[in-house]
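Student: Here's the letter readout for the chains.
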Amino acid sequence: MTKSILIIEDDDFLAGLEATKLKKKGYEIFTAPNSVEAFKIIDAGTKLDLILLDLLLPDVDGFMILEKIRQNKNMLTIPVIVFSNLSEDKDIQRVNKLGVSDFMIKSNFTLDELAEKVKDLIGE
Amino acid sequence: MEPKTKELEGEIKKLSENYAIKADMISISAHQIRTSMSAIKWIIEMFLQGDLGRLTVEQENLLKKAAESNARATSVVSELLLTNRTEDIVEQKYNFAPLDLVELTENSIFNFSGEAFTRGIEVIFLKPGSEVPKVKADREKLLVVLHNLLDNAIKYSNAHGKIFIVLKQTDGMIQFSIKDTGIVISPEGKTKIFQKFYRDKEAVKKEMVGSGIGLYTVKKIVERHSGEIWFESGENTGTTFFFTIPTFK
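Chains X and G supply the protein sequences, listed in that same order.
Under numbering that gives the first Met the number 0, the first residue of the first sequence carries the number 0, and numbering increases by one thereafter.
Under numbering that gives the first Met the number 0, the first residue of the second sequence carries the number 0, and numbering increases by one thereafter.
Hints listed in this document are in silico derivations from the structure and should not be mistaken for laboratory results.
Treat each hint with caution, since some may be false.
To be verified - Simulated pairs of lysine-lysine, DSSO-like, Cα-Cα distance not exceeding 30 Å:
no. : chain 1 : residue 1 : chain 2 : residue 2
1   : G       : K167      : X       : K89
2   : G       : K126      : G       : K189
3   : G       : K200      : G       : K219
4   : X       : K89       : G       : K12
5   : G       : K64       : X       : K96
6   : X       : K96       : G       : K92
7   : G       : K92       : G       : K133
8   : G       : K64       : X       : K22
9   : G       : K21       : X       : K89
Extracted from the complex, chain G is given alone in its bound form (with noise of 0.2 Å):
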């Protein structure tokens, strides 16, 4: 019995180090095709914007085309980042730790700031008025939360929307939720939704690329700290998710 525990455990430690050379593979080499493509970019909005001599009309309607393909392969790359850490960040080791959500959430705000400037949607952070208690949570794991909702929440807002982020304490736990002004989640995705791989309808006609594992990273961190998650989303309304976390006792 012993001789083939051991075995197997020499088995696990060759897998996990294969799994992270790949991953790191996967990451190099996602960060290099990023920069072709940062040139490639830049190249055409050169041309586009007549820097380099006037156009006809083919030729810009071909440049666009091809800017059009760079950003859906832009996008691939960053699905493909994410998808490659997603197994890693749900089971790591969680250190949990007392955690200022107010603060976590300013700064997931803050490195957004870009994205939402470009699209010119505004976040706004509604703060309770009193101090809100410290949650219970391992601050990595819960900036990936932060940051795939943030995300979600601009990529599929509509120009110029709004975005209101709210922190609520309720029983033991500090409630945040996150609305947007964007798309509407269909009946079949109002079940799939958090399903591994799942992308909605209505979020494809959006967005063409994604690798739909965001909400599942999210749903699983979200337990693994016995937290709950769960969205409302309607016509008149845009799209709420709400999560929850023990606070620090």
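Here chain X stands alone, though its shape is the one from the complex (with noise of 0.2 Å):
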């Protein structure tokens, strides 16, 4: 069964590499660009097996997202990824509270090395 990862990127250059790539993998993707998008995609209950998820967005931020996805009963073990171009040891400890499978600065990874993280995580 094909697995389904939400991308929550909102520059939609970035959003489209990482969505080619990973569909190139034989993931089904799903991007939002905001809070409001993704939660529209979450709650409408479409069966996801990984969240990649940007940290700088522009309404509600990355985290919020990610305290929010854990309020989920539905969502409570989902794997996610951060894959932001933040560094900070304090968003790294932010985010390892909320419980993430992996923190990913973008600039140091090539999109082949997210590609076997996410292989790593769900399988193919």
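The two chains are supplied separately, each in an independent frame; assemble them into the complex guided by the hints.
Tutor: Written as structure tokens, this is what we have:
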């Protein structure tokens, strides 16, 4: 069964590149540029296997989104990869407390490495 | 005397505010630069993988050079961010509390799992058999110490190397050590490695970009905890950094 990923990323261009790579690896991709669109997808009960989350977003930031995701009883254990260009210790600590599978700094990783990480967490 | 003191206090406040604004500006700009660099990195990756058609040998070589330049610039931004926050971290008020160093170490290893995975490096944490007493530490500051030491160990290790982290209880202290199988610190570096902005020549050979601020920060933080830091480095043994932190009484 095809695995599904929700990409929450406000930069259309980066979201497009991430989606293209992951689609190529056989995943079904949903994208949301902000929290409103993200929760439309989540609250509709869409089957999701992983969330790729940016932290700096135009409306509600990624930390708040993550907090809300973890309050949803159907989303308690869904793997979340924080994929952001923020890298301060306080940011890492904050998301760790909320429960994430990994924290990757976008500019330090290739999309292939991201796809490898995804495969590691949810398989192909 | 009093008006002079007030004047000076006002100046210090103004300077601190300016410093905070500057630090925030650097942080925001660095984030934006990193976003552009991510795009460049991924586009080059797509070209090099042939996603956009076949490349000539010359095109491929030039794109590889562009990728290398982009990677170097990315490292410069990371170093800039580190330097930007260093004085802040070292001079800030410390909130000492009982801290579980085992949990903090596991947490840090997790934070670097991505980088280690990419370089094929295995991080092995050898936990003591018995329970480790809590240390008296500022969690946020000690995390900076662990992150710097882990980052260095990963950065300067050879691909597919192993990193060993050991916690040991000594006289009223917990000793943390991190051993890598990477570069050996030069004789000159043995006396200067903790100096601000000093970079060992062996480190420069391995990673061209670096600020020389990491180990300086680490030493300052360990000392603020009333601990000590030192290292051993040899041809056949790799490099091990040790630090001690008092247990909480």
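Student: Compare the structure with each hint and give your call.
Tutor: Okay, the hints, checked on the actual structure:
1. G:K167 <-> X:K89: Holds, at about 27 Å.
2. G:K126 <-> G:K189: Given pair G:K126, G:K189 holds - Cα atoms ~29 Å apart, limit 30 Å.
3. G:K200 <-> G:K219: Roughly 22 Å between the alpha carbons, so the hint for G:K200 and G:K219 holds.
4. X:K89 <-> G:K12: This hinted pair holds, its Cα atoms lying about 24 Å apart.
5. G:K64 <-> X:K96: 40 Å, violated
6. X:K96 <-> G:K92: This hinted pair holds, its Cα atoms lying about 23 Å apart.
7. G:K92 <-> G:K133: Since the Cα atoms of G:K92 and G:K133 sit roughly 21 Å apart, the hinted pair holds (cutoff 30 Å).
8. G:K64 <-> X:K22: The given pair, whose Cα atoms are some 28 Å apart, holds under the 30 Å limit.
9. G:K21 <-> X:K89: Distance of about 19 Å is within 30 Å: holds.
Comparing the model with each numbered hint stated earlier shows that hint 5 is the single one that does not hold.
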